[in-house]
Amino acid sequence: MKFRRAIAAAAFAVASSALLAGEIPPGARRSGYSFMGPETRAMQDDDTSNPGMLFVLDGQALWMKKSGSADKACADCHGDARSSMKGVAARYPAFDRTQGRPVTLDQRINLCRAGHQQATPLPYESHDLLALSAFVAHQSREVPITAGDDPQLKPFVEQGRDFFNQREGQLNLSCANCHEDNFDKRLAGAPITQGQLTGYPLYRLEWQTLGSLERRLRSCMTGVRAQAYDYGAPELVALELYLMSRARGLPMETPAVRP
Amino acid sequence: MAALINVPTKAKRGEIIEIRALTSHIMETGFRRTAAGELVPRDIITSFTCRYNGNEIFRADLFPAIAANPYLSFFTVAKESGKFEFEWIGDNGYSSTASASITVE
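Protein chains in written order, with this note's numbering: chain A, 1 to 259; chain B, 260 to 364.
Hints in this document: simulated from the structure, not taken from any laboratory.
A portion of the hints provided could be inaccurate.
Stated by the list, open to error - Covered stretches of chain B, going by a simulated chain A footprint (3 or more residues, C-beta under 8 Å): (1) 261-267; (2) 277-287; (3) 318-331.
Claimed, not checked - Listed below are the simulated SDA-like cross-link pairs for lysine to any residue, each with C-alpha atoms no more than 20 Å apart in a straight line: (4) A:Lys86 - A:Pro144; (5) B:Lys342 - B:Gly313; (6) B:Lys342 - A:Thr48; (7) A:Lys72 - A:Ala119; (8) A:Lys86 - A:Arg248; (9) B:Lys269 - A:Thr48; (10) A:Lys65 - A:Asp47; (11) A:Lys66 - A:His127; (12) B:Lys269 - B:Glu339; (13) B:Lys269 - A:Asp46; (14) B:Lys269 - B:Ser360; (15) A:Lys65 - B:Val363; (16) B:Lys342 - B:Pro300; (17) B:Lys269 - B:Val363; (18) B:Lys269 - A:Asp47.
Remember, it's a predicted structure, so these values are computed and weren't measured experimentally.
The beta-carbon is built from N, C-alpha and C at its ideal position, and this holds for glycine as well.
Only chain A is shown next, with the shape it has when bound in the complex (with noise of 0.2 Å):
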């Protein structure tokens, strides 16, 4: 009887190693927001405390307001945001025809805003543009996520999950061996998250603001002393669009307070 039961713990011993090497089974992926205390759950929770909601205010205003030489609004052609816009964000990045490559949901507004309104780009990280991406992301809230399933989006996936498992920067880590290998850990005093994008753009007390996925990103580049990828980079892309097809079937949060 012992004999079986050590062969039992021996078994899922190896069982549990090969869980932590490989990828997170869907069934155990979780959300930033399991990891957070009870204080930013709280923020987050409720729209009238959520710091978010005041950029997804601004963001309907931009949706409203008549822009460029074409003077048309967001809501001329995509009319009110609340039908048109659900679950858009759930499935960006997305694969566009004439670029032949996939976009994020920033890169999408500033082609609108070039082909339709015929206005100039709003620069990454500008207030405008967290602002409108913040409102259209805010529409698919509680909507599961499902990037990635495009079959054109294929061989991006594919290049978003090397990536992703790619060692690099002077500390010689990937993405994997903190958000796979040692989520729920603690890096310093913060908690190590499994890095699922339930809630771009999102507000994080760190920062005093909101903030994209890519700023995200970017700043984890810095922290393993990797020179990081200019703002709207395919690879920058690529990683997205693996992240949002891992998170796939978790539903959006955005604006999610994070600290």
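Once you have looked at the hints, place chain B on chain A.
Relative to the frame of chain A, chain B by itself:
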């Protein structure tokens, strides 16, 4: 500027109600420097007031150590139906207002 106010729409007379006010502001401390070494000038909200049917019921002074997008929560007694008016005043002539109504039964 955008503001988010949370006041119960209905309350019983004499009930203690919570009021929450969140507004967007960068709250630049005046102590930070740019990469070039120049001081970023201070730009903060310095004062917040809440009036209930014209009577001041809450006032707060704000300082550089307060985070961006200040959030304030306080309590009052629901006495009569009417209007809460909120006002934020700050550096460089900053002024912003918001209001919310309540029905007291």
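**Asked** Which hints, by number, does the structure contradict?
**Response** Hints 10, 15 and 16 not satisfied by this model.
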